[in-house]
Amino acid sequence: GAVVSQHPSRVICKSGTSVKIECRSLDFQATTMFWYRQFPKKSLMLMATSNEGSKATYEQGVEKDKFLINHASLTLSTLTVTSAHPEDSSFYICSARDQTEKAFFGQGTRLTVV
Amino acid sequence: GENVEQHPSTLSVQEGDSAVIKCTYSDSASNYFPWYKQELGKRPQLIIDIRSNVGEKKDQRIAVTLNKTAKHFSLHITETQPEDSAVYFCAPCGPLTSGTYKYIFGTGTRLKVLA
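Protein sequences appear in the order of chains A and B.
Under our numbering, read the first sequence as residues 1 to 114, first letter to last.
Under our numbering, read the second sequence as residues 1 to 115, first letter to last.
Keep in mind that the hints were calculated from the coordinates and are not lab data.
Bear in mind that the values here come from a model prediction, so they are computed numbers and not experimental data.
Keep in mind that a hint or two might mislead.
Here are the simulated lysine-lysine pairs, DSSO-like style, with alpha carbons at most 30 Å apart [what the hints assert, rightly or not]:
#  : chain 1 : residue 1 : chain 2 : residue 2
1  : B       : 57        : B       : 71
2  : A       : 102       : A       : 14
3  : A       : 41        : B       : 42
4  : A       : 55        : B       : 112
5  : A       : 41        : B       : 112
6  : B       : 58        : A       : 102
7  : B       : 22        : B       : 37
8  : A       : 64        : A       : 102
9  : B       : 112       : A       : 64
10 : B       : 37        : A       : 41
11 : A       : 66        : A       : 42
12 : B       : 57        : A       : 102
13 : B       : 71        : A       : 102
14 : A       : 55        : B       : 22
15 : A       : 102       : A       : 20
16 : A       : 20        : B       : 42
17 : B       : 58        : B       : 71
Sample of chain B residues at the chain A side, in silico, Cβ under 7 Å [unchecked claim]:
#  : residue
18 : 32
19 : 44
20 : 67
21 : 68
22 : 102
23 : 103
24 : 105
25 : 108
Just so you know, even glycine gets a beta-carbon here, dropped at the ideal spot from N, CA and C.
All chains should be built: construct the whole structure from the sequences, respecting the hints.
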């Protein structure tokens, strides 16, 4: 399958700071990327859908000013958690959709806000 | 919005037995139906998928069946092995009016294969 790389895999930041997470499709062009949040032993909750060159579409209840998404190229999308607080601590994971409709996932980022 | 449920939420089977997980969705526009396997701390891995014009697809010990009329599809694993133990998610996908797509994950099923 196609390869999606996400960085960093783990990050610890202080409360009030911002954190940027990158998601790259390495061997295919992804017109659409998705950002999910996963709580322990829970399902993946879709946060937003990111299309190259346009504004992201956020799911209901997800603050767009809190979770800034940029999809500047066909191979890169970024999620910035702004003014992070301990309740933002979670596992964030991206996926990229290829031309055959299959979606492949990055390895995820475990964010801890202290 | 799309409502996606899986049953059962947990499933324990003896090694060698079969396991079946059912996914029920609400959006009739869904036309692509994948199953993902997620091991603890790892990324979800696509294990099998089916499109709306097909009723069944098989890949070695894994199969998926689709009933589009009833809006459900199922994952079948035969001759289960301990390494099949993981959490399995369905993620039906359909086009949005904007032309984009959205994959909504099911509630998940924790499969435990007992040796």
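Status of the residue 103 of chain B interface restraint (C-beta, 7 Å, chain A) = With a minimum Cβ separation of about 6 Å from chain A (threshold 7 Å), the hint on residue 103 of chain B holds.
ask   = Given the hint that residue 22 of chain B pairs with residue 37 of chain B, does the C-alpha gap stay at or below 30 Å?
value = Holds: residue 22 of chain B and residue 37 of chain B sit about 14 Å apart, inside 30 Å.
ask   = Does the structure keep residue 37 of chain B and residue 41 of chain A at a Cα separation of 30 Å or less?
value = holds (14 Å)
inquiry  = Would the hint linking residue 102 of chain A and residue 20 of chain A be met if the CA-CA limit is 30 Å?
reply    = Status holds; Cα separation ~26 Å.
ask   = Under the criterion that the straight-line Cα-Cα distance not exceed 30 Å, is the pair residue 112 of chain B, residue 64 of chain A satisfied?
value = violated (38 Å)
ask   = Are residue 108 of chain B and chain A close enough, Cβ to Cβ, to be under 7 Å, as the hint says?
value = holds (5 Å)
ask   = Taking only the CA atoms, is the gap from residue 55 of chain A to residue 112 of chain B under or equal to 30 Å?
value = violated (41 Å)
request  = Measure nothing beyond the straight line between the CA atoms of residue 102 of chain A and residue 14 of chain A; if it is 30 Å or shorter, mark the hint as holding.
outcome  = violated (36 Å)
message = With the threshold set at 30 Å, check whether the alpha-carbon distance from residue 41 of chain A to residue 112 of chain B stays at or below it.
response = Between residue 41 of chain A and residue 112 of chain B the Cα gap is close to 14 Å, so the pair holds against 30 Å.
inquiry  = Tell me if the interface restraint on residue 67 of chain B is satisfied: Cβ within less than 7 Å of some Cβ in chain A.
reply    = With Cβ-Cβ at 20 Å, over 7 Å, it is violated.
query = Taking the closest Cβ pair, is residue 102 of chain B under 7 Å from chain A?
reply = holds (6 Å)
query = Does the alpha-carbon distance linking residue 64 of chain A and residue 102 of chain A stay inside the 30 Å limit?
reply = Given that 30 Å is the threshold and the Cα spacing comes to 26 Å, the pair holds.
In this structure, the earlier hints numbered 2, 4, 9, 14, 20, 21 are contradicted, and the remaining ones agree with it.
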